[in-house]
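Q: Chains as they are written, first to last, in the numbering used here: chain S, 1 to 256; chain W, 1 to 152.
These aren't lab readings, by the way, just hints derived from the structure by calculation. Note that this is a predicted model, so its numbers are computed, not measured. Treat the hints with caution; some may be incorrect.
Unchecked claim - Computed list of lysine-lysine pairs in DSS-like fashion (alpha-carbon distance at most 25 Å, straight line):
id: 1; chain 1: W; residue 1: Lys138; chain 2: S; residue 2: Lys82
id: 2; chain 1: W; residue 1: Lys138; chain 2: S; residue 2: Lys171
id: 3; chain 1: W; residue 1: Lys4; chain 2: S; residue 2: Lys154
id: 4; chain 1: W; residue 1: Lys66; chain 2: W; residue 2: Lys90
id: 5; chain 1: S; residue 1: Lys154; chain 2: S; residue 2: Lys82
id: 6; chain 1: S; residue 1: Lys171; chain 2: W; residue 2: Lys131
id: 7; chain 1: W; residue 1: Lys4; chain 2: S; residue 2: Lys113
id: 8; chain 1: W; residue 1: Lys45; chain 2: W; residue 2: Lys67
id: 9; chain 1: S; residue 1: Lys154; chain 2: S; residue 2: Lys113
id: 10; chain 1: W; residue 1: Lys131; chain 2: S; residue 2: Lys154
Now for the letters of each chain:
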Amino acid sequence: MLHRFANPTRFLRLANAVLPWLTGITVLLIATGIYFAFAASPPDYQQGQTVRIMYVHVPSAWMAMFAYAFIAVASAVGLIWKHPVAHVCALAAAPVGACFTLICLTTGSLWGKPMWGTWWVWDARLTSVLILFFLYLAFIALANAFDDASRGEKASAVLALVGSVILPVIKFSVDWWNTLHQPASVTKVGMPSIDASMLTPLMLMALGFTTLFFVLVIIRTRSELAARRVNALRSARIHAETGELETSPATGGKQS
Amino acid sequence: MTRKRRRLMVVLLGGLVLATAAVLVLTAFEDNIVFFHTPTDIATKPDLPKERRLRVGGLVKQGSWKKAADGLTHRFFVTDLTHEIRVSYKGIVPDLFREGQGVVVEGLLQPDRSFRADEVLAKHDENYMPKEVAEALKKSGQWKGDAPAAAK
């Protein structure tokens, strides 16, 4: 099953078919999500209007972790089964995930100042998310650090797998240690401690961010595959040309 | 064993070793990654450093918050419902600061076992609801928010 999509041509055919639909759904989800987040949802009983930051902060935090899990799985597939598209997908997802992490950290900071009274604290949740952001940067840097692209792919894939330890640490940091950051609301065992009127925009935005992630990954994978194809064609042409140049003086030398 | 199989084994084994290492490191860190101490910690662990800054977290005890005439000096008790500690603070408290609210105060433990804070952070809980719902819950007696602190 997986082997079918390992072929870049087949991947591109599927991606091109899915992309317009996925883009439409993303626009629709985020547009209604924004409407609910800013207009059709009530202010919080304690935080007032500041609660609206959550509708961007929480989905981007989820996506920051989801994107990293995606990269880790793609890296494992690339390492074990040597699928050519897997590493390209992982690399395509990395800047997207890094952006989500940065959005999460920034909006969290903007929320923290009025609510907690500080922009930043070194508690377990905040620190582990900052580490996740650095892991993204390291992954991107390592993948591009080698002249030989396939060595970069392999090294960064190992880093992605090792770094995935951070995901459970982020998720459970608020349960294992006492932190300033509040524990999970939506995935709480029993009744989710968030009102339905606020859960609606949150879920719409979360779904919208998820489809947005896949739209961006597909576009970036597609352009990376195209760039590699251009490179391959170009170097084949250069080889052909220099090949001709090399042979012609040699033959010329023999004639004289 | 094919090469594919061998690579799979290497990755799985590596993951297992890494996970074990992570669990060991995190359990060793257990007590050191706390962001704040509870009033019970302060009362029961006498070996907490007196000269070093530390953070104490808990609820602001109901009816204990007193603001001095200058409008800046605050006195209140921080409680975890078992033990409590007297806190004094000079400065502006965050918007969410109120009685029954979770707070984290940072500062120095005084010789008389009280606490002088130079920073007060409000801790937000995981409950999100509109004002009307909060009032309805309070009316119907199902309010869980600051009920334990109110009961004390």
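Q: For every hint, state whether the structure bears it out.
A: Right, here's what the structure says about each hint:
| no. | hint | in the structure |
| --- | --- | --- |
| 1 | W:Lys138 / S:Lys82 | 59 Å, violated |
| 2 | W:Lys138 / S:Lys171 | 31 Å, violated |
| 3 | W:Lys4 / S:Lys154 | 15 Å, holds |
| 4 | W:Lys66 / W:Lys90 | 12 Å, holds |
| 5 | S:Lys154 / S:Lys82 | 10 Å, holds |
| 6 | S:Lys171 / W:Lys131 | 29 Å, violated |
| 7 | W:Lys4 / S:Lys113 | 51 Å, violated |
| 8 | W:Lys45 / W:Lys67 | 30 Å, violated |
| 9 | S:Lys154 / S:Lys113 | 41 Å, violated |
| 10 | W:Lys131 / S:Lys154 | 53 Å, violated |
Of the numbered hints given earlier, the model fails hints 1, 2, 6, 7, 8, 9 and 10; all others are met.
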